[in-house]
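Can you make the complete structure from the sequences, with help from the hints?
First to last, the sequence lines map onto chains A and B.
Numbering of the first sequence is given in numbering that gives the first Met the number 0, commencing with residue 0 and proceeding in unit increments.
Numbering of the second sequence is given in numbering that gives the first Met the number 0, commencing with residue 0 and proceeding in unit increments.
Calculated from the structure, these hints are not laboratory results.
Label-pair distances were calculated between CB atoms; the ranges are:
1) A:Q453 - B:L11: 26 to 32 angstroms
2) B:R5 - A:D427: 44 to 50 angstroms
3) A:T198 - B:A318: 51 to 57 angstroms
Residues from chain B that face chain A, not an exhaustive set, calculated with beta carbons under 7 angstroms:
4) L243
5) I246
6) I247
7) Y250
8) G257
9) A258
10) A261
11) P264
Every residue, glycine too, gets a C-beta built ideally from N, C-alpha and C.
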Amino acid sequence: MISVEMARRAVSTSWPKATALRPRAWHVWRRTGGPTGGGPQGLHRRTMRKPIPSLLVLVCAVASAWAAVPPKDSCVDCHAALEGKQSEPAKLFAGDVHHQAGLRCADCHGGDPNDASMRAMSPAKGFRGAPKKTQVPEFCARCHSNIAYMHNFNPKMRADQLSQYLTSVHGKRLKQGDTKVAACVDCHGVHDILAASDTRAPVFSTNVAATCARCHADSAYMKGYKIPTDQVARYQKSVHAQMLTQGDTSAPTCTTCHGNHGATPPGVSSVANVCGTCHVFFAQLFDKSPHQAAFAKLGLPGCVECHSNHEVVRPTDEWVGVGPKSVCVTCHAPGDEGYANAQAIAGDLAKLNTFRARAEEILNTAERSGMEISSPKLELASANEALIKARVNVHTFRDGEVRKLTNQGVEIAKKAYEAGVAALRERDYRRKGLGVALITIVLAISGLYLKIRQIESRGKA
Amino acid sequence: MADLYRRILSWLDERFGTGAVEEFLRHKTVPLHRHTLWYYFGGMTLFLFVIQVLTGILLLLYYRPTPNDAFESVQYIMAQVRFGWLIRSVHSWSANLMIFTAFVHMFSVYFFKAYRKPRELTWISGMLLFFILLGFGFSGYLLPWNTLAFFATKVGTEMAGSIPGLGKWLLIFLRGGEEVTGATLTRFFGFHVAVLPGLATLLLAMHLLLVQRLGMSVPPGVERAIAEGREPARAMPFFPNFLLRDIIGWYAALGALGALAAIFPWELATKADPFAPAPAGIRPEWYFLFMFQTLKYLPAKVVFLEGELAGLLAFGAAATVWVAVPFLDRHVGFGRTTRFFTGLGVFALGYIVALSALALR
Chain A
0 MISVEMARRA VSTSWPKATA LRPRAWHVWR RTGGPTGGGP QGLHRRTMRK PIPSLLVLVC
60 AVASAWAAVP PKDSCVDCHA ALEGKQSEPA KLFAGDVHHQ AGLRCADCHG GDPNDASMRA
120 MSPAKGFRGA PKKTQVPEFC ARCHSNIAYM HNFNPKMRAD QLSQYLTSVH GKRLKQGDTK
180 VAACVDCHGV HDILAASDTR APVFSTNVAA TCARCHADSA YMKGYKIPTD QVARYQKSVH
240 AQMLTQGDTS APTCTTCHGN HGATPPGVSS VANVCGTCHV FFAQLFDKSP HQAAFAKLGL
300 PGCVECHSNH EVVRPTDEWV GVGPKSVCVT CHAPGDEGYA NAQAIAGDLA KLNTFRARAE
360 EILNTAERSG MEISSPKLEL ASANEALIKA RVNVHTFRDG EVRKLTNQGV EIAKKAYEAG
420 VAALRERDYR RKGLGVALIT IVLAISGLYL KIRQIESRGK A
Chain B
0 MADLYRRILS WLDERFGTGA VEEFLRHKTV PLHRHTLWYY FGGMTLFLFV IQVLTGILLL
60 LYYRPTPNDA FESVQYIMAQ VRFGWLIRSV HSWSANLMIF TAFVHMFSVY FFKAYRKPRE
120 LTWISGMLLF FILLGFGFSG YLLPWNTLAF FATKVGTEMA GSIPGLGKWL LIFLRGGEEV
180 TGATLTRFFG FHVAVLPGLA TLLLAMHLLL VQRLGMSVPP GVERAIAEGR EPARAMPFFP
240 NFLLRDIIGW YAALGALGAL AAIFPWELAT KADPFAPAPA GIRPEWYFLF MFQTLKYLPA
300 KVVFLEGELA GLLAFGAAAT VWVAVPFLDR HVGFGRTTRF FTGLGVFALG YIVALSALAL
360 R
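Laid out in structure tokens, this is it:
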């Protein structure tokens, strides 16, 4: 007799095989029916509830799975049996996103996978073979530029990679016959391609810098292109790389600023636009600032002139002003208006910093003494906000705009400081009060002690 | 002046019969021996309880028991209300000192076998009062509605919820729903300022009445020494000798409370956010630490029970034995102690101290 347990075992052993044999693209390509009713677990649940009808369902499902087994793939069979480089594609392809989507070797390379003889690789059977480096973009684009076809796999998939690539420096040079430049497979891999959203993929945001560095950090390889090879090393020191390392995948990497398929260096005039895609407010202030016209006239790129391009480190207040770490003095000299302005802005920021630090120190002292100062501490946080806003307003490069905000912050910090002074005064008052109370208590205890002695000596007498 | 005082007393005596009380006090004595010091801890606990009632009433003038207002109202008491910081800090410090003195009082009574006949009910009423004090502590801990208290209450009520059968009902009853919410706060406030004080007053009246009725117990060792003539039977008048000494202790406690409040005001920390993840290092008040630490050490399964449940059942059983000790310790009597029960007390005290120390490490 066939028990429920036997049916359960049959389901659990036969389903993985069935699903492996009938992947998603099998339906896309061949429009055949398949196990779409809840998968193995759904069937399992149904089987457990009604053993006899479920057994029938089970038998039918297993039978249909075997009936729909795709024909054997002669490409994989033969190449897997070969040695060395010839066997590599067959071995790697199992983990490839295309294989997981149900594609087979012949879908890219042509030929007849049902024919086990060498005739399978004849032009008569549509065999295209491996493309040359210069043919790779079009080879991939056969499918990837076909939006209707690509939407079968992912409705949000774009199909403009080739047209973008052809606008890139890589694409243009490839068309000129330079085969050292990156084509699709150089970044994505060949037979072990992973989805861009796969964290292991070389094009996943956290791996992009390393992928670009394979060529761009190799000075021997890049010799002749006359571009630096320290971009990635410098990027690694940046605040952007730091954020990315900390797991913030929204932080920019190479492709965020340069584009991916349409990779190109941003020109002098478009740098501010690149940075401004994320740092919108800063870009707006810069555009309205006197620097905008001056930089354009001198042919200087906007943001990167002070912040660098790849090595974008966290700015400090010392960058502003005329001190040794100032970036203003790169262009401005004593006597010009910008110099005086930079000095004044630095003074505003320093003033707020000083007032804020003083208030913070006294509030911390009061807090350590057990005083309740959460309210002035909260107010002091607004002084910090004012400082942050003032730092943003530095990009107006007008002292008045910065001072408006630093003055607000200074007023808040002054009030917080006064609250700290009051808290410490209160603490001292409490301690004095405690002293008086303790003296009173000691006197009372002494009085009681004497009273007891008096009563007891009287009792003894 | 003295004449007026006598006239008032006589006026009261005619109406209430206070003369009998005066007569009782005049003759009431307290045994005097090498362990007399331990008698003061009961009075000290009572004094701290009175402090709790008085400071609690003052806090009620400003405290608002809703999730939106509770934290802010305590913050207001600490920062804005004149001497609010003192009242709240004294309330919190005194609560802790009271539980400490109650522990000392309980163990001294236990080790001196003061629970033996005829003081069984004094012991039981005292134990019930002790549980009520723990209830005061547990319910009062949540009232400032700060992060630590919120999550400690969550864990504490969850433990109550794991009791088989009754657990689910108890959890809903304590929380006023499935989760710790504003309903829990309102309900804990109700327990803290109405239910528990009512019960405590009744039990306290019974406890004090029994103490007056039966007098103070003399430890068996002292009893034996007196019976064997090794020690004279000494006593001191309760009024004023013992009471004045009591008052000295109360003054000292008042001074200690004032110093603690002024130098280490009770902190408030941050407001509870029910949607925030539980912070690291949640732990209950120190007097629950030994249970908390035990549950941490227990494995996931103890025989066929879940570890936590087994721990709770064991504590329940231990508490039952502890309360019923006057009826279980059958051999204790005049001048006689039972080694087993003394050993049990030493074990209980050692266990509580060791596990609490481990939790605080």
